Amino acid sequence: MPNYSWPAMDKRRVMGQPIKRLDGPVKASGRAKYNSDVHPKDMLWATLVTSPHAHARITAIDLSPAEKMPGVTAVRAIKKAGDEVQWAGTEIASIAAINEEVARDAARAVAVKYEVLPHLVQEQDLAKAGTRAKPAGEQVSGDPDQAFKDADVVVEGEYGVPVITHCCLESHGTIVQWNGDHVEVWPSTQNVSGVPAAFATALKVPANQIHVHMDHVGGGFGSKFPLDLWDAEAAQLSKASGGKPVKMFLDRETELTIAGVRPSAFAKVKLGAKKDGTFTVWESKTWGSGGFQAAGLNADLFPYVYRKVANRRVNHSGVSLNAGSARAWRAPNHPQVSLITCSALDDLAAKLGMDPLQFFLKNADLTNKPDVYRAQLNKAAAMIEWSKYGHARPDQTKGPIKRGLGIGVNTWGGLGHESQCRITIQADGSVEVDLGSQDLGTATRTMIAMVAAETFGLQVGQISIGLGDTQFPPSGGSGGSTTIGGVTVSTRKAAVNALGKIFDLLATSMSVPADQLEAIDGRIQQKGNPGKAISWKQACAKLGAQTISEMGENLPRNAPKEGLINQGVSGVQMADVSVDIETGIVKMNRMVAVQDCGLVVNPRTAESQVLGACIMSTCASLFEERVMDQQTGRVLNADMEFYKLSGIGDIGEILVHMDISPEHDARGIIGLGEPPAVGGMAAISNAVANAIGVRVGILPLTPNRVLAALANGRNA
Amino acid sequence: MSSPRGDSKNKRKSAFSRRGFLQGLGAGTGVLSTGILAEQEAQAAPAAVSGPDAVSITLEINGKSYKATVEPRTTLLDTLRNQLDMTGAKRVCDRGTCGACTVIVDKKVMYSCTILAVDAQGKKIETIEGLAPEGKLHPVSQAFWDNDAQQCGYCTPGFVMAAKGLLDRNPNPTYEQVKKGLGGNLCRCGTYVGVRKAVLQASKDMGGKHA
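For the protein sequence lines, the chains are A and B, in the order given. Positions 8 to 723 (my numbering) are the ones given, in order, by the first sequence. Positions 928 to 1138 (my numbering) are the ones given, in order, by the second sequence.
Hints were generated in silico from the structure; no laboratory data involved. Hints are not guaranteed to be accurate.
Dumping the calculated DSS-like pairs for lysine-lysine here, alpha-carbon to alpha-carbon at most 25 Å [said to hold, decoys possible]:
1. Lys315(A) x Lys386(A)
2. Lys534(A) x Lys18(A)
3. Lys281(A) x Lys358(A)
4. Lys1107(B) x Lys594(A)
5. Lys48(A) x Lys1136(B)
6. Lys27(A) x Lys1034(B)
7. Lys376(A) x Lys386(A)
8. Lys1035(B) x Lys1124(B)
9. Lys1124(B) x Lys1051(B)
10. Lys1124(B) x Lys27(A)
11. Lys156(A) x Lys141(A)
12. Lys376(A) x Lys281(A)
13. Lys277(A) x Lys292(A)
14. Lys1050(B) x Lys1136(B)
15. Lys994(B) x Lys40(A)
16. Lys1063(B) x Lys1107(B)
17. Lys1124(B) x Lys594(A)
18. Lys1051(B) x Lys1136(B)
19. Lys1051(B) x Lys48(A)
20. Lys246(A) x Lys275(A)
21. Lys1063(B) x Lys40(A)
22. Lys246(A) x Lys211(A)
23. Lys395(A) x Lys594(A)
24. Lys991(B) x Lys1050(B)
25. Lys994(B) x Lys1035(B)
26. Lys282(A) x Lys358(A)
27. Lys1131(B) x Lys27(A)
28. Lys386(A) x Lys369(A)
29. Lys991(B) x Lys40(A)
30. Lys277(A) x Lys369(A)
On the chain A side, residues computed to face chain B include the following (Cβ under 7 Å) [as the list claims (entries may be wrong)]:
31. Lys27
32. Gly31
33. Lys34
34. Cys174
35. Glu177
36. Arg259
37. Gly448
38. Gly464
39. Ser615
40. Gly619
Given the structure is predicted, the values throughout are model-derived calculations rather than measurements. We put the CB at the ideal spot given by N, CA and C, even for glycine.
Based on the sequences and whatever the hints tell you, model everything.
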């Protein structure tokens, strides 16, 4: 069995270096072709007819006005008379035409009649949800009732965060050409290798007749896994239009209405502690909605991170709404659970008259990694200068601007998805690494090249990467921070296997046993002896007419015992905000993030991941909210003017500390997509409470909510 | 859009621009902080009626002349992307909010989704494709790469063009001027920290000269 383990930390020449992302130039010059940029010959344009009603029964559909329009090549009914629609934006019909303008004109010409039915589109007031709220059932451990009697301090609070949308800048969509038996697909997906199987089922075409291409994807964040109805429609429209390629990418309004959201979470929390600050009991009733199928939250995660509290009672109700469905959203469940838990703990500390940092430190024994969280809390506190800026609630500074600090914590799993990699080495020394994976902007491509370069003793520029094509060996979907685990293991194994073939080839001519050779700095040499070496090019030249082609595989069930990758990370975010108590405007001054993710392959792109996560958390804390109109049942802000993301000027300074140490490194590689996206909302909400002395319970912390909370505080 | 327009200078000073109106609504966010909507900048045009059928137009893009046949309602963005295969400018919000489609028209930074292709005739249009020959990087693009100011990269071309336009106007911007100058572009992955560093680096690399 070859030794696949990572080179020792101090021996690595490529991994661990801040290497610039390989696709940087093509992206920064505007030459990267995303699939929404691709334009195959004779391409047609498709669009959807969608329901304007949140809940209705279709009484009639007349496609004929659209069918008669010049330039329209295909019109398909997706629903039929008698069908019920359960949210606005539901797909009713699809159209293909010679250009987008004609397709949209035709969509407007389709006549659909509805019998409008009553709808429910708002869930913040649980009492109004009636039977649409389904409790998951109470979970109890310890004796919460007794614990509340024994507690010296008890606090109750209400917290929440509304539905937010992924708002990927490249909308969901696909270009498909279904020509006879063969299907060519240019999707915008987080799971290239999974597309053929999904299309095969939908179209009843053998999966081996489906070819998928995707070089780049303009954002996913968890929303681009499934084969969507509109993808399959694009294929059907292509077939119905004589096999011409059909482009179906959602317009922004449809994108924000039906292409996925993060479930809301609202909570009534009661918790208690001893006088010395020991947290003893947690009780939460939570509710939220992930759309018509309700879904919602995993209440098992309460209280977040501080899980070993002796007494707890939790219950969660999913509320079925007539609104577009939830999809995985960067760290499913965790940001909401972290917000609710850390806000409540912060309020408990305030009632105890205790510094929140001391409270989070004191109770770290209730986490599964007390030493790690303590060290991270202390590090983050030093970075944000807690001793200088920390204070009891509220900021006593005179004038309208109040400043405060707050804490949020995170955790996540990791390991790696199933992944296969093929490495081909030619006699000219060229190295090709192929995987059916995808790079979501997380620098997956760069990491793969780094692992291969490290193994072969080469530079990343000497490695060609083939990604995003189903002609390459399959690799899993990019979700749950499992990509880097999957692709680095499969690449490492394929590279070690291929290098073994080179060593076998050279052993005789170099008079060195194969197991005594090493690849380093562009040479193959006797271990530790640069005097007995030949260059990589000379070594490969000995292949003559042969080509080396070796596979490597990550199997999730074997990964834990192999030790190359791991799971379970910890992190802390702290925020520094200013609040204008006259206008209610909250400004994020600074955020710091301390994050462990095991062996860090590329500190430059890892830091970018954390910075991005802090910015996304800031967006969700201050600006983002899907607003539903109770009258019409539609999304009121399905555009980017009123569905607000932060701009460059809304973001303060962000400091990132990657917890790189021999102890963390020895654990192996762990994914980083989710964890730093978790704690920021709690950090900002707590910082605002620290600044102004009252809790603004519901995010985003808009001026009206801040002013209302201040007014309630004055009246209390 | 085909109706006669008033004097363009007066137009620019109008207190009731759409952008100004939106700024009023957007209190507390920096998202809507730069005035690059096309409508404000549109030049006085004769009242020639074109359409509704497709018309033949000529556009001057990156110093070259291109012919296209478009419906009068077709935007410059869609013409670039769908007819001329210049796909650096992206269609994201499609209504003058996000800046992913940023181009430079007669030296003004503009959202190409808010300019009709027929109205872009006779103007000098710069797109990201014209910044540097294929295989080479303009100093602004180079600085974006050097500072990892990109993740998924879909907003990046718009940011690069907005940054180029900013440096054309102000070759030595302060940090605060960079934040304000790029306030008309949105990123979802969260690359703003890198973008701010990139623009300052590009300014330095170009020796404070126009981009």
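Fill in: Structure-inconsistent hints, enumerated in ascending order
5, 6, 9, 11, 16, 19, 20, 38
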